[in-house]
Amino acid sequence: MSALKIKKGATSHSAYNLRPNFSDVVERHTLAVLVENEPGVLARVIGLFSGRGYNIDSLTVAEVDQTGHLSRITIVTSGTPQVIEQIKAQLGRIVSVHDVHDLTVEGASVERELAMFKVSGKGDHRVEALRLADIFRANVVDSTLESFVFEITGAPEKIDAFADLMRPLGLSEVARTGVAALSRGD
Amino acid sequence: MKRQMTGAKMIVQALIDQGVDTVFGYPGGAVLPIYDEVFQQNSIKHILVRHEQGAVHAAEGYARSTGKPGVVLVTSGPGATNAVTGLTDALLDSIPLIVLTGQVPTFMIGSDAFQEADTVGITRPCTKHNWLVKETDKLAGVIHEAFHVATSGRPGPVLIDIPKDVQFATGTYTPKAPSVSHYQPKLKGDLEEITELVAAIEKAKRPVFYTGGGVVNSGPAASQLLRELVEATGFPITSTLMGLGCYPASGDKWLGMLGMHGLYEANMAMHDCDLMINIGARFDDRITGVVDLFSPKSKKAHIDIDASSINKVIRVDIPILGDVGHVLEDLLKIWKSRGRKTNSEAVAKWWKQIEEWRAVDCLKFEQKGKIIKPQYALSRLEALTKDHDRYITTEVGQHQMWAAQYLGFEDPNRWMTSGGLGTMGYGFPASIGVQMAHPDSLVVNVAGEASWLMNMQEMGTAMQFNLPVKQFILNNERLGMVRQWQELLHGERYSQSWSESLPDFVKLAEAFGAKGIICSDPDDLDDAIMEMVNHDGPVIFDCLVEKHENCFPMIPSGKAHNEMLMGDADTQNAIDAKGSVLV
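For the record, the sequence lines run as chains P and U. First residue of the first sequence? That's 1431 in the numbering used here, and the numbers climb one at a time after it. First residue of the second sequence? That's 14 in the numbering used here, and the numbers climb one at a time after it.
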């Protein structure tokens, strides 16, 4: 149940910040959206983003409360503050959406993503890949004589950095889960 | 009290429990069990339309003129897809509808069965919410929830897709319960924000109320509170197309409609005001013109029940999230408790300025010669019917704008028009829905001949149910608004914008067994209108009007409120290249 313990609303008065700052700087925000776990709910959320032309940088979804039939969608999106507020308000309008939380503005939060990398190579490249994996605390989950599959968990930036290092060493396939995020503290 | 019954019976029972008296629909294979139940009861009247789009628009007319949700029953596949335009129309104009669609049996879903369509998929973006019900036990609960969702918060259309085997199967009926829905929109506005608005009202030198359809949707009490507020403060008031009637057109604070074809004084007041109080409107692009130049000197307050409307298009200074009626009640209370203050000296000066704008008399026209001007036709319709218990619907185009300009509305819910979507073919079926709800009232659909032809099959419905709707067609043998834009923007190349091979409307009326009237002489117009009004039955009135009349005033694309075109003389090079890409 701890998955649901996140702060209520962005202001003391309502879930929405009706007085956003109107700068033109594009910001990256992580939104946690609690939705009714019912058929079509993901289509409603994705359809909103495509229909209104908003960005999805990453999206993850899974049921988090079986008895309450709630799923948690974590969306990383980007836009000006006005657009971000608009996205939150539009999400809040969907009848199946119970709660919208902007983890980026509601205090500190932690973000994690899981990724798997297949790295193929021989000789020095193979040794170097294994050494770097150790530094990044990536685990080897599969190995052949000419390839590794690494599993790595971390903030998206850490995974990006690991990918950059693996590329010259024979990176051949990547699978990433997208971001899961929770607010810190209680 | 729980009862066992079939899904089909449950549907009818749930509608009865929700107080539904009228359903607009069209049968088909996937709804036969429901129609069998409709056959075996007398509580609900079923209006058989001639096309499913007509059913949805009729339900919209019913809903808009009563404040109650409209109910539609159609079959799967083409029945559902034909309803899509009406659903989108209702979504954009916030009209509460419950649309029930049949679906192929659950075990055939996904097999491309006969008359199968992914109805919930297709209608997801054009409904407020929709459901596919796969278990009979859940059916009644979903229907009751659907009424709650459609009518609460910002109203809108909802759709329930019901597979045929769910209609046949027996399950437990759950009666209407006090709402347990998690969907509970906030009604009360934040008192701090309302107090800030009161302070702004006390200081304002050039205030204006800008009201919209949200006042109508909030209910008659909201209109009463608005009138009280306007009279008490003495501030001028304008309204969007959707909000006409919330403040009476005969009221002396009334500036007329604003926007692209709004009145000069209304648009100038919006542009020059120092306090704009938006009540239940949404800064639509027909209102704002180019947003960068929109009312540059004003502090803006916005009262809206939908958080996504606030700061969507125009940045506002005082956002108030809540229901118009609730917020206005608190606003009046706070303003009165602080001593009913306004800057009356400055406001009097503001009124003097407004009177100067009014003196321009932007709606003046000259009826000369033997050809009827459309403005004249509507002025006469207004003069001859304004004292009747009257409801007006419209189609979409020039006639719609002229109707908004030249007809006066004293009360809300008297004016039904397709605002957001601009759906040609809306008005005729809408007039049928209005007449169903108000059998003894005068219901006139102000139409253009091109729009009217889009749903003319509904003459059959009007005749079958003896609905004396008056179809007042301003016939210029043109797609008038398209023609006007081609004149202004496309070098007078009138591509496909005329109506050729028109029917003889009198004979058309007679073919359906209705009355047809044709009028082309201004001297005959009054008698012809009275003949229409006094006829006890549906009338098609073919009013032949000036073919090349343009609709003014007009804010051209890409321009600000204070750059209106007032007549044909202003139209040379009125729209630049940047403006011409806008719609």
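Just so you know, these hints were derived from the structure itself, not from any lab. Among the hints, a few may not be true.
With the C-beta cut set under 8 angstroms, the calculated list includes, among others, these residues of chain U facing chain P [stated by the list, open to error]:
#	residue
1	80
2	195
3	323
Partial pick of chain P residues on the chain U-facing surface, computed with a CB cut under 8 angstroms [to be verified]:
#	residue
4	1448
5	1450
6	1452
7	1519
8	1528
9	1591
10	1593
Which chain P residues stay away from chain U? Per the calculated CB distances, all over 12 angstroms, these [stated by the list, open to error]:
#	residue
11	1486
12	1511
13	1516
14	1529
15	1540
16	1551
17	1557
18	1560
19	1561
20	1572
21	1573
22	1584
23	1602
24	1612
None of these values were measured; they are calculated from a predicted model. Yeah, the Cβ is synthetic: ideal placement off N, Cα and C, and Gly gets one too.
For each hint, the structure was consulted:
1. 80: Result: violated, 21 angstroms to nearest chain P Cβ.
2. 195: holds (6 angstroms)
3. 323: At about 6 angstroms, which falls below the 8 angstroms cut-off, the nearest Cβ of chain P leaves the hint on residue 323 of chain U intact, so it holds.
4. 1448: The hint holds - residue 1448 of chain P has a Cβ within 8 angstroms of chain U, the shortest such distance being about 4 angstroms.
5. 1450: Hint holds; residue 1450 of chain P Cβ to chain U Cβ min 7 angstroms, cut 8 angstroms.
6. 1452: With a minimum Cβ separation of about 5 angstroms from chain U (threshold 8 angstroms), the hint on residue 1452 of chain P holds.
7. 1519: With Cβ-Cβ at 4 angstroms, under 8 angstroms, it holds.
8. 1528: Constraint on residue 1528 of chain P satisfied, holds at 6 angstroms.
9. 1591: violated (37 angstroms)
10. 1593: violated (36 angstroms)
11. 1486: holds (16 angstroms)
12. 1511: violated (10 angstroms)
13. 1516: Contrary to the label, residue 1516 of chain P does not stay out of reach of chain U, its closest Cβ about 6 angstroms off (not over 12 angstroms).
14. 1529: For residue 1529 of chain P, whose nearest Cβ neighbour in chain U is about 10 angstroms away, the distance does not exceed 12 angstroms, so it is violated.
15. 1540: Per Cβ check, residue 1540 of chain P is outside 12 angstroms of chain U; nearest 28 angstroms; holds.
16. 1551: Residue 1551 of chain P is indeed farther than 12 angstroms from all Cβ atoms of chain U, at 45 angstroms.
17. 1557: holds (52 angstroms)
18. 1560: holds (47 angstroms)
19. 1561: At about 50 angstroms from chain U, residue 1561 of chain P clears the 12 angstroms cut-off, so the statement holds.
20. 1572: holds (36 angstroms)
21. 1573: holds (41 angstroms)
22. 1584: holds (35 angstroms)
23. 1602: Its Cβ never comes within 12 angstroms of chain U, the nearest being 36 angstroms, so this holds.
24. 1612: holds (22 angstroms)
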